[in-house]
Amino acid sequence: MTRMDEAALRSLTPGVLAILVRRGADFAAAEDAVQEALLQAVRVWPAGPSPSSRPRPGGGDPLRDAKGWLVTVAWHRFLDATRADTARRRREDLVDEEPAPGPVPAVDDTLQLYFLCAHPSLTPASAVALTLRAVGGLTTRQIAQAYLVPEATMAQRISRAKRTVSDVRFDRPGDVSTVLRVLYLVFNEGYSGDVDLAAEAIRLTRQLAAAIDHPEVAGLLALMLLHHARRAARTAPDGSLVPLAEQDRRRWDTGAIAEGVEILQAALARDRLGEFQAQAAIAALHADAPTAEETDWVQIVEWYDELTRLTDSPVVRLNRAVAVGEAHGPRAGLAALAALDAASPSSGLRSSRGHPVPRHAAVAAYLHERDGDLATAARLYAEAAHQAPNLAERDHLTRQAARLNARRRR
Amino acid sequence: MAKYLMLKHYRGAPAPANDVPMDQWTPEEISAHVQYMNDFAARLEKTGEFVDGQALAPEGAWVRYDGEGRPPVTDGPFAETKDLVAGWMIIDVDNYERAVELAGELSAAPGAGGKPIHEWLELRPFLTAPPTITE
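Line order of the protein sequences matches chains A and B.
Basically this note's numbering = 1-based index in the first sequence + 100.
So that you can map any letter, position 90 of the second sequence is 82 in this note's numbering, and since no number is skipped, the others follow by simple counting.
What the hints contain is simulated information worked out from the structure, not anything from laboratory work.
What you are looking at is a predicted structure, and each value in this text was computed from that prediction instead of being measured.
Possibly wrong hints are sitting among the right ones.
In silico negatives: residues of chain A with every beta carbon more than 10 Å from chain B [unchecked claim]:
# : residue
1 : 105
2 : 285
3 : 392
4 : 503
Straight-line distance between alpha carbons at most 25 Å, and here's what the computed SDA-like set of lysine to any residue pairs gives [to be verified]:
#  : chain 1 : residue 1 : chain 2 : residue 2
5  : B       : 74        : B       : 96
6  : B       : 107       : A       : 494
7  : B       : 0         : A       : 493
8  : B       : 74        : A       : 483
9  : B       : 38        : A       : 247
10 : B       : 38        : A       : 335
11 : B       : 38        : A       : 296
12 : B       : 0         : A       : 296
13 : B       : 38        : A       : 339
14 : B       : 38        : A       : 337
15 : B       : 0         : A       : 490
16 : B       : -5        : A       : 337
17 : B       : 38        : B       : 53
18 : B       : 74        : A       : 335
19 : B       : -5        : B       : 127
20 : B       : 107       : A       : 492
Note that CB positions come from ideal geometry on N, CA and C, so glycine has one too.
All chains, please: the whole structure from these sequences, using the hints.
So, in structure tokens, the structure goes:
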């Protein structure tokens, strides 16, 4: 199958899974059965739509009714597994006793799956893994590769997660903000492997936005699209990071930007502001500037003020100091940074666990460089490199320190 | 085949010949160094000898059990520790000679002035599973 076909196929996952659960299958077994049906579909389906595709066993032409085919195959898999199980009697009784499905509940099945997979009883890592498998339709191997852990480890993580949520009622609405946090994690901490996790996060958020009318879901989708649009410009051919101000803006994806801005504007018009909409608004202002110099930093500072009001995190206040420095000069930025440190040293310089807030030294270095104090800036860049959480940032910050030291030698 | 761990140290290894801190290099020299390391790993993947490579943050902590019902004791960052591992590469090669050859190549990564750093790398063989035929 081509990538497109596979994505289309995987988009059917939550619907198929929900039908099995409605028929009385327990979530964990149903999820396994759907995975097997997906794998079988990849094996037996023709590569693309073709009028000559032969009818397949278990429900006619799969291409004409892919969902029906998957439901039929997954249901048979589930029944086979149930019959093979030593606890067969008990399970079959359970299925028999299951009351006939009542009136269709108000909340969409797909939505219920999102809630279940992001249930607060799960750790973030487990919620991410379960969402990618049960909602995204990815295989355990793909998820394991993406997060650089052995497949057996990921399989355990997923099955433990399924056990954790096994007693959760499937017909109660959950908290959409927990779902958004999980999708944000998938987007922001996508690592490697043959699955593009950022694109997958966008697909899942899009699907969620179709299932629920919520301005913050739209806000997150807009945020993802606006950042994804910059992806090609974010790294140089040698793999090094290119900061926002130095990116070749002609390489930004204008289609993704236009879509992100449109979704964001519709969300903002509803007048129910949340942190994802505010973050997306900042990304949209960057996207809107033809050059870095033309960025509307004054408005960006205002959005950071909104964000501080919505979520008073040290990271937000740190980014606000950068914006203040751009809008009102480096001295104002350094003053904002100093105010941040003085106001609450525990949450300013240090996060709750006692670690330095990521990028604090890098922000201070940048503002001191803009202010003309190259010696302090070079020292702080070296310190920032020492604290960098990943190799790309470490290399970038070391290069900044080296650049200033070379200038000072001349 | 035999697996070897090539350990890179922040501290604790004998001083390299070209011992200039990285933030005193030129940006171009840093790029050349990073490129050399990436190319080295890519070449080993092609020859089928690469297993894993990871970098470690320079700060960590010592942790130990402190008795029933008590939280573990942490101590650190360990400023006084003599030896501090910076990262590793695991290779799977035919023999010791090949492992030494590769460690030598990695140690030749360019540093200040574009000249090899001559960095000392620690080379440690993995203990293996017992062989089936022993007599």
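Query - Enumerated hints in conflict with the structure, sorted upward - result: Checked against the structure, the hints that fail are numbers 4, 12, 16, 17 and 18, while the rest are satisfied.
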